[in-house]
Amino acid sequence: MSFKHAIRAMTGLAMAVVGTGATLAYFEESIPMSLNPLFAKTMADHRAQELVFDRLWFNDAITNELRSRVVQKYQIAEAGRAVEVTLKTGVRWHNGQALTSKDLCFTVKAMLDEGTPSPVADHYREFIVGCDTRGPQTAMIRFNRVLPKPRERLGFPILPASEFTSTAISPDLQFSARPIGTGAFNGKRGLRMVTFDAFANTHHTPQIVQMQLQEGGDPLVQTKTLINNNVQGIVVVPPPQRPDLSASDDVSMKSYDLRSWWYVSVNSNRGALKDNRVRQALNMVLNRNELRQYSIGVKPNDKNSPCEFISGPFIPASPYYNVEVPVLPTANLAKADSLLKQAGLEKLGGRWHSGGQPITLRVGMLASLDHEAPDLLSQVANQLGAAGFDRLTSKISADEWDNTVMAGGSDFDLVIGKWSFGLVEEVNELFHSKGRQNMFRFANAEVDQILQEYEDAVTDTEQRDAYHKLHTVLNRELPYLFLWKLDTKSAWRTEVRGNIVAPYYYFTEIDSWSVEG
Amino acid sequence: MAACLLPFIVPAVITGFIWSLPGDPASLICPPNICGGTAALAERWNLDGGPMQFFLGWMADATTLEFGNSWRLHQGLPVLELLKEAIPTTVSLISVATLVIMAGAVMATRGWLPRRLDPVLRFVGLVPALVLALAGAAAIELTFGFGSFSESGKLARLLIGAAVLGVADGAFTGAALGTRTTFETENQSRYVGIAVLRGEQPLANTWPNVAPSVIGQMRARIIHLLSGAVVVEVVLRIDGLGDLLWGGTLRQDFGVVLAAATLFASVSAVLLVIQAVLETLVALHVRKAPSGVRVSG
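Chains as they are written, first to last, in the working numbering: chain A, 529 to 1045; chain B, 3 to 299.
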């Protein structure tokens, strides 16, 4: 039996190699930490895993419609509390075995297993309660409540039951480095590079034989390497490098719909920042025009700016963005002074004092963001200093960010960061008092109530209305000082054809990609 | 005795050190406030019973070469596999760098290195490994681009790394000038003058006496190279033990750190033993050499 699977696996690889494809080398923001979808942390993880695995359902990169490459049919069951899924036949794993309902239910059970230490799985535990097989290709996934649009919630990648001995999946299993999926490519993580070998399947016909991923390093070196044709693509190009690449005839810039927005998160549980008027004042101290100009290089009157100001937690093109809430492009120091005085602060010797003590703000920024917005941390600190606040600045490593800041254990007053979203721009976890990504444990009953309204909404309109309200309230309460949305751009050599870039997951339509010549 | 204890003491000290760092690997991967299963993970990784339990468990597994898989640095890759790749790399790096400094010592001793070059050597010796390594890294990235981790790219990294190690921080200068001074001082001895009058080569006479000193110097220089290898491997992105040690520490990948540190300690221990053996052999040779000579009067 295993010999048969081995033959099938080899056939898949051979078919791909015999094809007309070529090798595609590209620079990523970082080497993926894990190729196991249960332990995805960074965007580089998500993008790499998209090459190796099939998600149960996904959004079409062009039409935005929900599609699946592995589901034959589905039907809502048990009055909306379950969905019966029938998988396609003939889909094979990279080890040659067939995809069956056993794999689908294994994946669900692995996510539900408390012994699986996965933040990704934790999200699904909130609404999935079980899975039963109903035949070799059919499975019933059950929910703890009626889900209005269950397919939208079932975007998890399927894992092979045959590769695990238990549903308690640990991140240090070899699967994290050498995964087996049903996706277009079979991935292998090395020390400095990840290689993806094409695997032809009934539902995937990759035209590229091998993809090679390396960490990009210095943006200038990446740019030169791409222009010199020593690499075929860069997934994320920082704004300062874009003009050089745009000017090259051999490179085409591609928009990557990452729905990213930048913020300064405010620790509303600390010192003077507990007072909403102080947060309002800080919002007015920031001169966003200058921050944008000095860190990203976009001037106020630049046309087709990749960077637009925002007043709430969505990008301006989002249906959830409330256009009635105005942005603050420039500072208003007089109004800020007035608010600070109302909050009981005193200005002595040009510095703001609270209770007789000078206010010193600890400001941090995720270090990796410095590529996209160089010197933003210094610029923000300078503006706070000019307004009369002492400040201590530090860049935050990725580990400290995960371990301390996101875990709610940091002692920063202000943290500069960026959130990226897919098509579903759900921000509940960021602002709910019990939200998993609520970094300073911001708590507001009104906000919690609005987020519940969003959760309970059945129609798109109800969801949109709830988030419009949320936008207004957040702009008043200011757990974040909202800065801007910044377009994400990729650069690929013109020899790379058909390279449709999917929102968020990037490589969803990898089958259409090819390399000419 | 001290040499034999090193491979046990070093991991014990490191376990104590990394245990005292804030956070733990299980919580880093699965922060308890946003993810269930942290306790299960801590139990799987033997982190739930304190540093002593962890250390003893690790030592027991290590005796059977069972190092497990990397937790965070190269998640999922077997640590033994990482070591198998790293050991030859670091050994090659140190060996080539050792050849560089030995060449310096031999050239200076034989008089092939003109004295007028001494100021230049002294100046070059002042350059820190970090500076040279950064320059080397930039050169490699710009020359090889995406192919900088191809076989040729890796070889270039290794050779540049070895050159940096052999030259920076006074390694070459110290070896050349230090060894020459040692021999020159010894050559002033009366017995060497008598030997020369008898028509013998000075080196044949001085070598048995300076050998312990030269061997000791060489061991110290190789240990120095091992320390420098961490910096060079990290900056030049050479997949050696030093890079594993650094990356593992940053990411609190206990298994990787302990394995790499134990290997470093073992190499140091082996060098200590080799030095002791060589010194003993030289001492025996010196005692044996004047057989048949009688002291009169």
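Check each hint, because a few of them may be wrong.
[What the hints assert, rightly or not] DSS-like mimics (lysine-lysine), calculated; alpha carbons at most 30 Å apart, straight line:
| no. | chain 1 | residue 1 | chain 2 | residue 2 |
| --- | --- | --- | --- | --- |
| 1 | A | Lys875 | A | Lys569 |
| 2 | A | Lys716 | B | Lys86 |
| 3 | A | Lys752 | B | Lys156 |
| 4 | A | Lys677 | A | Lys569 |
| 5 | B | Lys86 | A | Lys569 |
| 6 | A | Lys752 | A | Lys802 |
| 7 | A | Lys716 | A | Lys782 |
| 8 | A | Lys716 | B | Lys156 |
By construction, these hints were calculated from the structure, which means they are not laboratory data.
These are the hints, each one checked on the structure:
no.	hint	result
1	Lys875/A with Lys569/A	violated, 43 Å
2	Lys716/A with Lys86/B	holds, 18 Å
3	Lys752/A with Lys156/B	holds, 20 Å
4	Lys677/A with Lys569/A	holds, 26 Å
5	Lys86/B with Lys569/A	holds, 28 Å
6	Lys752/A with Lys802/A	violated, 48 Å
7	Lys716/A with Lys782/A	holds, 27 Å
8	Lys716/A with Lys156/B	holds, 19 Å
In summary, the structure is inconsistent with hints 1 and 6 from the numbered list given earlier, while agreeing with the others.
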